[in-house]
Amino acid sequence: MKLARRNEPYFPSVFDRFFNNELMDWDHSNFSSTNTSLPAVNVKETDDDFVIEVAAPGMSKNDFNVNFKNNVLTISSEKKNEKEEKNENYTRKEFSYQSFQRSFTVAENAVVGEKISAKYDNGILHIILPKRDEVKPQPERQIKIS
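Residue numbers (UniProt numbering): 1 to 146.
To be clear, the hints were calculated from the coordinates, so they are not data collected in a lab.
Given the structure is predicted, the values throughout are model-derived calculations rather than measurements.
A virtual CB, placed ideally from N, CA and C, is assigned to each residue, including glycine.
A portion of the hints provided could be inaccurate.
Claimed, not checked - No more than 30 Å apart at the CA atoms, straight line, and that leaves these computed lysine-lysine pairs for DSBU-like:
| id | residue 1 | residue 2 |
| --- | --- | --- |
| 1 | K119 | K80 |
| 2 | K69 | K44 |
| 3 | K119 | K131 |
| 4 | K69 | K115 |
| 5 | K80 | K61 |
| 6 | K119 | K79 |
| 7 | K131 | K44 |
| 8 | K119 | K136 |
| 9 | K80 | K69 |
| 10 | K144 | K69 |
| 11 | K44 | K136 |
| 12 | K69 | K79 |
Said to hold, decoys possible - Label-pair ranges, simulated between beta-carbon atoms:
| id | residue 1 | residue 2 | range |
| --- | --- | --- | --- |
| 13 | A40 | I128 | 17 to 27 Å |
| 14 | S76 | I145 | 54 to 64 Å |
| 15 | K80 | R132 | 33 to 43 Å |
Put together the whole structure using the sequences plus the hints.
Structure, rendered in structure tokens:
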């Protein structure tokens, strides 16, 4: 019998995953099959809405396309930058191309599609999907016993 027992959890901790991953793991984590970076997304639910927040600093509202069709919300962006620098002995040209597409399937008849709104503020794209009255939480009802 041991006095102290080593407690090794079945699932690795967040710290284990953080320190075991490479700093730039190009094939996994937050990248798509086309090797374009996917922005981080938060999805939260309130009593009245579903809210999607997309972290996309350095962009403008005109860089985004947000569509809702057949209960699928699609967020996409395409941005091209071209930079040319001339110096005495050389010319250097740099191209930058950023694109992504994320899609979310929404439960049928859960949101009012015509009232979905979006705004871009401080590097975050906020998309608000208002819930239909039928899916909003209903107050508790006391049932009278006869």
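Item to check | Proposed proximity, K79 with K69 (alpha carbon, max 30 Å) | outcome: Distance of about 23 Å is within 30 Å: holds.
Next on the checklist: K69 and K115 were given as a pair; does the straight-line alpha-carbon distance stay at or below 30 Å?
Outcome noted: Measuring from Cα to Cα gives roughly 13 Å; hence the hint holds.
Checklist entry - Going straight from one Cα to the other, do K131 and K44 come out at no more than 30 Å? => result holds, 12 Å
Next on the checklist: K80 and K69 were given as a pair; does the straight-line alpha-carbon distance stay at or below 30 Å?
Outcome noted: holds, 27 Å
Next on the checklist: Range first: 54 to 64 Å. Now tell me if the beta carbons of S76 and I145 are that far apart.
Outcome noted: holds, 55 Å
Checklist entry - Would the pair K80 and K61 pass a check requiring their Cα atoms to be no farther apart than 30 Å? => result Answer holds: K80 to K61 is near 15 Å, not above 30 Å.
Checklist entry - Given the hint that K69 pairs with K44, does the C-alpha gap stay at or below 30 Å? => result Measuring from Cα to Cα gives roughly 21 Å; hence the hint holds.
Next on the checklist: Please verify whether K119 and K131 have alpha carbons no more than 30 Å apart.
Outcome noted: holds, 18 Å
Checklist entry - Taking only the CA atoms, is the gap from K44 to K136 under or equal to 30 Å? => result holds, 14 Å
Checklist entry - Taking 33 to 43 Å as the hint, is the beta-carbon distance of K80 and R132 inside that range? => result Holds, since K80 and R132 (Cβ atoms, about 39 Å apart) stay within the stated range.
Item to check | Given pair status - K79, K119, alpha carbons within 30 Å | outcome: Holds, at about 18 Å.
Checklist entry - Can the restraint linking K119 and K80 be considered satisfied, given a maximum Cα separation of 30 Å? => result The hint holds at about 21 Å.
Checked against the numbered hints listed earlier, the structure breaks hint 10 alone; every other hint is satisfied.
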